[in-house]
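Protein chains in written order, with numbering that gives the first Met the number 0: chain F, 0 to 179; chain S, 0 to 130.
The set of hints was computed from the structure by calculation and includes no laboratory data.
Keep in mind it's a predicted model, so treat the numbers as computed, not measured.
Among these hints, one or two may not hold up.
Claimed, not checked - Within a straight-line C-alpha distance of at most 27 Å, the following computed DSSO-like cross-link-like pairs (lysine-lysine) qualify:
1) S:80 / S:92
2) S:109 / F:65
3) S:80 / F:65
4) S:92 / S:109
5) F:65 / F:146
6) S:109 / F:146
7) S:102 / S:80
8) F:65 / S:86
9) S:109 / S:80
10) S:102 / F:65
11) S:92 / S:102
12) S:109 / S:86
13) S:86 / S:102
Said to hold, decoys possible - DEER-style ranges, computed between Cβ atoms:
14) F:113 / S:97: 36 to 46 Å
15) S:33 / F:100: 49 to 59 Å
16) S:47 / F:129: 20 to 30 Å
Glycine included, C-beta positions come from ideal geometry on N, C-alpha and C.
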Amino acid sequence: MNRIYVNVWVLSGLLAAAGVALADEDWGGRRGAAVAPVQDARYARECGSCHMAYPPGLLPARSWQKLMGNLADHFGDNAELPPEDVAAITAWLTGNAADSPVYPRPQRITASLPDTVTPLRITELPAFAAAHRELPARLVSGNPQVKSLSQCSACHRNAEAGSFNEREISIPGYGRWEDD
Amino acid sequence: MKSVLLSIPLALLIAGTAAADVVDERLAAYQAQGAGEFSVATGEALWNRRVTDARTGQSRSCTACHTANLSAAGRHVETGKPIEPMKPAVNPKRLSDARQIEKWFLRNCKWTFGRECTPQEKGDLLVFIRN
Numbered sequence: 000m001n002r003i004y005v006n007v008w009v010l011s012g013l014l015a016a017a018g019v020a021l022a023d024e025d026w027g028g029r030r031g032a033a034v035a036p037v038q039d040a041r042y043a044r045e046c047g048s049c050h051m052a053y054p055p056g057l058l059p060a061r062s063w064q065k066l067m068g069n070l071a072d073h074f075g076d077n078a079e080l081p082p083e084d085v086a087a088i089t090a091w092l093t094g095n096a097a098d099s100p101v102y103p104r105p106q107r108i109t110a111s112l113p114d115t116v117t118p119l120r121i122t123e124l125p126a127f128a129a130a131h132r133e134l135p136a137r138l139v140s141g142n143p144q145v146k147s148l149s150q151c152s153a154c155h156r157n158a159e160a161g162s163f164n165e166r167e168i169s170i171p172g173y174g175r176w177e178d179d
Numbered sequence: 000m001k002s003v004l005l006s007i008p009l010a011l012l013i014a015g016t017a018a019a020d021v022v023d024e025r026l027a028a029y030q031a032q033g034a035g036e037f038s039v040a041t042g043e044a045l046w047n048r049r050v051t052d053a054r055t056g057q058s059r060s061c062t063a064c065h066t067a068n069l070s071a072a073g074r075h076v077e078t079g080k081p082i083e084p085m086k087p088a089v090n091p092k093r094l095s096d097a098r099q100i101e102k103w104f105l106r107n108c109k110w111t112f113g114r115e116c117t118p119q120e121k122g123d124l125l126v127f128i129r130n
């Protein structure tokens, strides 16, 4: 069974630093659940060739739907797929999305997102922005080994497995990230 | 100029790997679609051709992500994700699956050249990469 548990406690830690108090268990709720099972092989192959295969629990189903509907212009790149692959991957992504029933509770990462908004980028999520607000640019855009906040796995060592535990963060050229 | 003449029976005789079979099958298909002989040199020139993208003004080529050296690893120009070498002798997974070959031609020809590649161009590129 393809179940991905997105553990986003690191966000809670960073949010706490930003003045937002959250309990760890609010973020995915599976402290220590290190890792999610293997992702869908087709998704990993077709989407993970060019970028990290983002865990589907990081976006709501409507976002995946919209994204998969326009692969010919995928953030400026062409990521077209045969229709059967589009259908299968869309079904898997939406079936494991942040607002899908695979999660016992709503995911914090999308909790503050208005229903009327359909973000195409995980980095557009309000909770994501809040969690990364403290990061100086020199560690991200100014860091050749990171380049962009979209490179989750550059710093979150278990990101591809769906785990964003703060203890797993190691920023290239900087090291561990700890909130005050 | 180095040319590759397609001869299916000969190719089958000498084809020692799955990749060769898949490529030969693709080459035959392209010729059935009207392509002529395929050329390693033409494929190489196409691989290195720089095209300015009309919308972004960005200079694009196959080498932007794959580098000019088929035996070397590349890097996705936008995301920075490493791309394994293209040459089947170095990376046997390459050119071993017709479906993957066509998928990447569709995506990457459109990104690089702003249009799909012709059967002739695809064949030239395949013989260059396999060479």
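Here is how each hint holds up against the structure:
A C-alpha spacing of about 18 Å is found between residue 80 (chain S) and residue 92 (chain S), which places the hinted pair at or below 27 Å, so the restraint holds. Between residue 109 (chain S) and residue 65 (chain F) the alpha-carbon distance is near 21 Å, which keeps this suggested pair within the 27 Å criterion. Taking the CA atoms of residue 80 (chain S) and residue 65 (chain F), the gap is about 24 Å. The hint holds against a cut of 27 Å. Distance check on the hinted pair: residue 92 (chain S) and residue 109 (chain S) sit about 23 Å apart at the alpha-carbon level, within 27 Å; holds.
As the CA atoms of residue 65 (chain F) and residue 146 (chain F) are separated by approximately 26 Å, the hinted pair is consistent with the 27 Å bound. Between residue 109 (chain S) and residue 146 (chain F) the CA atoms are separated by roughly 25 Å; this keeps the pair inside 27 Å, and the hint holds. For the hint linking residue 102 (chain S) to residue 80 (chain S), the alpha-carbon distance of about 19 Å falls within 27 Å, and the restraint holds. For the suggested pair residue 65 (chain F) and residue 86 (chain S), the alpha carbons sit about 36 Å apart, so the restraint of at most 27 Å is broken.
Among the hinted pairs, residue 109 (chain S) with residue 80 (chain S) is consistent with the structure: their alpha-carbon atoms are about 20 Å apart, no more than 27 Å. Restraint check for residue 102 (chain S) and residue 65 (chain F): satisfied, since their Cα atoms lie roughly 21 Å apart, inside the 27 Å limit. The suggested pairing of residue 92 (chain S) with residue 102 (chain S) holds, with an alpha-carbon distance near 15 Å, which does not exceed 27 Å. Between the alpha carbons of residue 109 (chain S) and residue 86 (chain S) the distance comes to roughly 22 Å, so the proposed pair stays at or under 27 Å and holds.
Among the hinted pairs, residue 86 (chain S) with residue 102 (chain S) is consistent with the structure: their alpha-carbon atoms are about 18 Å apart, no more than 27 Å. At about 45 Å, the CB distance of residue 113 (chain F) to residue 97 (chain S) agrees with the hint of 36 to 46 Å. For the hinted restraint 49 to 59 Å between residue 33 (chain S) and residue 100 (chain F), the CB-CB distance of approximately 51 Å keeps it satisfied. Between residue 47 (chain S) and residue 129 (chain F) the Cβ separation comes to about 45 Å, which falls outside the hinted range of 20 to 30 Å.
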